[in-house]
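Undergrad: Following the hints, put chain S in place on chain U, whose structure we already have.
2 protein chains.
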Amino acid sequence: MAAVEQFDVYELEKQVENYLRSHNAEKISELLDGAQLNDIISLIERTSLKRGAVIFRLLPPERAGLVFDALDPYHQAAMVHALGSDGVGSFFEDLGAEDRAMLIDELPPEVAARLMRELDESDQEYTNVVLGYERGTVGRAMSPEIAEIYMDMTAREVCDLLRAQHEDLETLYTLPVIDRARYVQGIVKMRDLFLAADDVKMSELVVDSPTVSVNDDAEETARWFLPLSLLAVPVVDSNDKLVGIFTFDEAQDIVESEDTEDSARQGGSEALKTPYLATPLITLVKSRIVWLLVLAVSASLTVQVLDVFEGKLEKAVVLSLFIPLLTGTGGNTGNQAATTVTRALALGDVHKSDILKVMWREVRVGLMLGAVLGFLGFLAAWVFFGIEIGIIIGTTLLSVCTMSATVGGAMPIVAKTVGADPAVFSNPFISTFCDATGLVIYFLIATSVLGL
Amino acid sequence: MAAVEQFDVYELEKQVENYLRSHNAEKISELLDGAQLNDIISLIERTSLKRGAVIFRLLPPERAGLVFDALDPYHQAAMVHALGSDGVGSFFEDLGAEDRAMLIDELPPEVAARLMRELDESDQEYTNVVLGYERGTVGRAMSPEIAEIYMDMTAREVCDLLRAQHEDLETLYTLPVIDRARYVQGIVKMRDLFLAADDVKMSELVVDSPTVSVNDDAEETARWFLPLSLLAVPVVDSNDKLVGIFTFDEAQDIVESEDTEDSARQGGSEALKTPYLATPLITLVKSRIVWLLVLAVSASLTVQVLDVFEGKLEKAVVLSLFIPLLTGTGGNTGNQAATTVTRALALGDVHKSDILKVMWREVRVGLMLGAVLGFLGFLAAWVFFGIEIGIIIGTTLLSVCTMSATVGGAMPIVAKTVGADPAVFSNPFISTFCDATGLVIYFLIATSVLGL
Numbered sequence: 001m002a003a004v005e006q007f008d009v010y011e012l013e014k015q016v017e018n019y020l021r022s023h024n025a026e027k028i029s030e031l032l033d034g035a036q037l038n039d040i041i042s043l044i045e046r047t048s049l050k051r052g053a054v055i056f057r058l059l060p061p062e063r064a065g066l067v068f069d070a071l072d073p074y075h076q077a078a079m080v081h082a083l084g085s086d087g088v089g090s091f092f093e094d095l096g097a098e099d100r101a102m103l104i105d106e107l108p109p110e111v112a113a114r115l116m117r118e119l120d121e122s123d124q125e126y127t128n129v130v131l132g133y134e135r136g137t138v139g140r141a142m143s144p145e146i147a148e149i150y151m152d153m154t155a156r157e158v159c160d161l162l163r164a165q166h167e168d169l170e171t172l173y174t175l176p177v178i179d180r181a182r183y184v185q186g187i188v189k190m191r192d193l194f195l196a197a198d199d200v201k202m203s204e205l206v207v208d209s210p211t212v213s214v215n216d217d218a219e220e221t222a223r224w225f226l227p228l229s230l231l232a233v234p235v236v237d238s239n240d241k242l243v244g245i246f247t248f249d250e251a252q253d254i255v256e257s258e259d260t261e262d263s264a265r266q267g268g269s270e271a272l273k274t275p276y277l278a279t280p281l282i283t284l285v286k287s288r289i290v291w292l293l294v295l296a297v298s299a300s301l302t303v304q305v306l307d308v309f310e311g312k313l314e315k316a317v318v319l320s321l322f323i324p325l326l327t328g329t330g331g332n333t334g335n336q337a338a339t340t341v342t343r344a345l346a347l348g349d350v351h352k353s354d355i356l357k358v359m360w361r362e363v364r365v366g367l368m369l370g371a372v373l374g375f376l377g378f379l380a381a382w383v384f385f386g387i388e389i390g391i392i393i394g395t396t397l398l399s400v401c402t403m404s405a406t407v408g409g410a411m412p413i414v415a416k417t418v419g420a421d422p423a424v425f426s427n428p429f430i431s432t433f434c435d436a437t438g439l440v441i442y443f444l445i446a447t448s449v450l451g452l
Numbered sequence: 001m002a003a004v005e006q007f008d009v010y011e012l013e014k015q016v017e018n019y020l021r022s023h024n025a026e027k028i029s030e031l032l033d034g035a036q037l038n039d040i041i042s043l044i045e046r047t048s049l050k051r052g053a054v055i056f057r058l059l060p061p062e063r064a065g066l067v068f069d070a071l072d073p074y075h076q077a078a079m080v081h082a083l084g085s086d087g088v089g090s091f092f093e094d095l096g097a098e099d100r101a102m103l104i105d106e107l108p109p110e111v112a113a114r115l116m117r118e119l120d121e122s123d124q125e126y127t128n129v130v131l132g133y134e135r136g137t138v139g140r141a142m143s144p145e146i147a148e149i150y151m152d153m154t155a156r157e158v159c160d161l162l163r164a165q166h167e168d169l170e171t172l173y174t175l176p177v178i179d180r181a182r183y184v185q186g187i188v189k190m191r192d193l194f195l196a197a198d199d200v201k202m203s204e205l206v207v208d209s210p211t212v213s214v215n216d217d218a219e220e221t222a223r224w225f226l227p228l229s230l231l232a233v234p235v236v237d238s239n240d241k242l243v244g245i246f247t248f249d250e251a252q253d254i255v256e257s258e259d260t261e262d263s264a265r266q267g268g269s270e271a272l273k274t275p276y277l278a279t280p281l282i283t284l285v286k287s288r289i290v291w292l293l294v295l296a297v298s299a300s301l302t303v304q305v306l307d308v309f310e311g312k313l314e315k316a317v318v319l320s321l322f323i324p325l326l327t328g329t330g331g332n333t334g335n336q337a338a339t340t341v342t343r344a345l346a347l348g349d350v351h352k353s354d355i356l357k358v359m360w361r362e363v364r365v366g367l368m369l370g371a372v373l374g375f376l377g378f379l380a381a382w383v384f385f386g387i388e389i390g391i392i393i394g395t396t397l398l399s400v401c402t403m404s405a406t407v408g409g410a411m412p413i414v415a416k417t418v419g420a421d422p423a424v425f426s427n428p429f430i431s432t433f434c435d436a437t438g439l440v441i442y443f444l445i446a447t448s449v450l451g452l
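So the protein sequences, as listed, match chains U and S. If you read the first sequence in the UniProt record's numbering, its first letter stands for residue 1, the second for the next number, and so on. If you read the second sequence in the UniProt record's numbering, its first letter stands for residue 1, the second for the next number, and so on.
One or more hints might be untrue.
To be verified - Heads up, simulated DSSO-like pairs for lysine-lysine below, C-alpha to C-alpha not over 27 Å straight-line:
1) S/357 with S/416
2) U/14 with S/352
3) U/416 with S/14
4) S/241 with S/201
5) S/315 with U/312
6) U/14 with U/27
7) S/416 with U/14
8) U/14 with S/201
It should be emphasised that the hints constitute simulated quantities derived from the structure, not laboratory data. Quick caveat: nothing in here was measured; it's all calculated off a predicted structure.
Just chain U, with the same shape it has in the complex:
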């Protein structure tokens, strides 16, 4: 029961790997017996699915249940696949309704149906409540397992109720209080209940709480909810009646998996479902190749633009020297704006209706950035390549920066408005767009200055 160091998992991993290689199941069981649950969970999530299943099978049954509960649905599904639905029935039973719903999404329908049939009636009912809401909504991520606590109950009565029901409840820390029509009156914190005298009424302990609706977007709600440092928030249906509770750890899971997806998409690839080192090479290639192809095909636009101006390029080959500098700077300016606005959208600092405000800000920021870079570019190009090239480079930088900042700032909002992921329209697409447009601007300016 001694305290453990937090990064022991790397040590554990190395040892388990060694024993796996020498097929020494006994030693692995021994290691797993002594290890912290959290370390076993990261061990399984960091390794390949096959190895994860081997490790899971070597766990003593009581630990296996706790580990199964803590795994993400993708890994849970892999365990069901490896152990068969008979082997995991009891673990499935012990999951919360919302976790069961998420696992069902990952399972083949016939396996899910078999597992569901084995549940007792109330568990089936709870699970069906959650499954009844659309994916990606709060209803799908909430827990319907809540106690019925009314304003006129005393602390003593609530304690007795909780003692009787605690095994079925999602959380005891945040207790929604309702009136007889199930309208939420606020919440009682366990802390206050714990400190209260036996005869204190809930109406004296209740505090205001925001509520969320089953139909709210789960990701938006999670991002709004986490910074509030609340443990849970009551969930109401479309008639404003209490139906469940949404907890900080659900919010946490949602934000983490969305962040992984966003980060992958900003880099122009699909998110991985397994840890990087455990992912087969071919899966890595697949997660990237489609985006690369799409981007390369869009980039072939730049070949066409340059093809149009090939005649001018032949007369002044010096113009081609600046192509990567100009497209690069445009891309960078666009990305700066896009990343800032994407983040502001995620944090709720910017709203869809703010698009004109954002564009007007970015036009001016782009002009200022372009003025500085353009002036320096003008000086440098003048010194090395003469005044005409200086003027061309300076003016192009000014125009490209202004355009890129504006487009970069507007893109994530446009994406969100049409229902696409703002992260998708960020970095790679903006770069490609700025490349092509920037080149057109460049050659138009060059043509008029040089009189080609």
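TA: Showing chain S alone in chain U's frame:
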């Protein structure tokens, strides 16, 4: 006490803004009186510092304290600045020790010293404990305000202790249990204490808990801690003795502010301390211009590379048509690898010592991506520009993809190893690097194929 909708803050904002414009302080007070605390907090954090201070001053004193507590240190400092240290003394007193330490970091030393002098002795002591640890460590973010709970205490005794001390304690939900030498034996969850009979000993309720050390990196610890869905974790000093507790909401704050910083840096700018729409234009320009200049100067490397090959370009101007396509594809491939590895590092899926594994994976992934793109590029260029150009484009794509994926995958790990922020070395720098190196490869291949 009725439930409120979650996005009411936009409505509130509009109304407050209208009344601010008409200088109708009375109406604003009225609005603030009826609003949810959480909405008032986001209202202040989303608006300009000046307006935020006006709103804060219009709050009734008891609400002002709660709002002050929930603001981030940057905004707290702004309120101190606006109200003077006399006006906020009592709010300062009510903060937790770790929040007080964070606010002190943002204040001018003489203001901080004055506020500190007004605290009572035990608060001064707690604050000094936290201030004694280096910035960015767990010690700086933990709360030293914990109860002394021993293994042989009964539930009754612990309840009495908590009733007496609860106002000074950071959390009641996770209670570290120690032996007489202050070594952590595990934790008792309030839930279990609440359900336990009066004479149950802590040794029966205690469960294993990981611990963290005061000297651990706060960001790493927060990222490791959040996915565990724990409410708090005991903090020990270098002798392994209990000194404080690290809670999920501290972890939450740390990860959010680090994510904002990382996301800004991946886009090539500095993070903003105020919400996007509340940030003055000149601050936006400043947060971006340095990076743009550094990147533009590095990008001038591409001008030099092309200058070296200008003679060849003159002989075959067609080569210049593919420059943006090739550099773009290289940049995209590098960014995919870099984003994936940066995220894997943040999640703990990849460790610094994995660098060779990562590079070997990326060489092969890059080769596969390059083979596909190169083959398609070869076909397309062959059809439109002839077999020689086809061979050049195909071979260049193959080489550039392999190099970019390898460099992109290695960069974040190298950055982390030398103590830099992995996000900094991501997208923009990799693009620039891949641009210059890719061009050299391109012209070397072109020269040998065309015999220039």
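Undergrad: Of all the hints numbered above, which does this structure not satisfy? Sort the numbers upward.
TA: Hint check: 8 fails alone, others pass.
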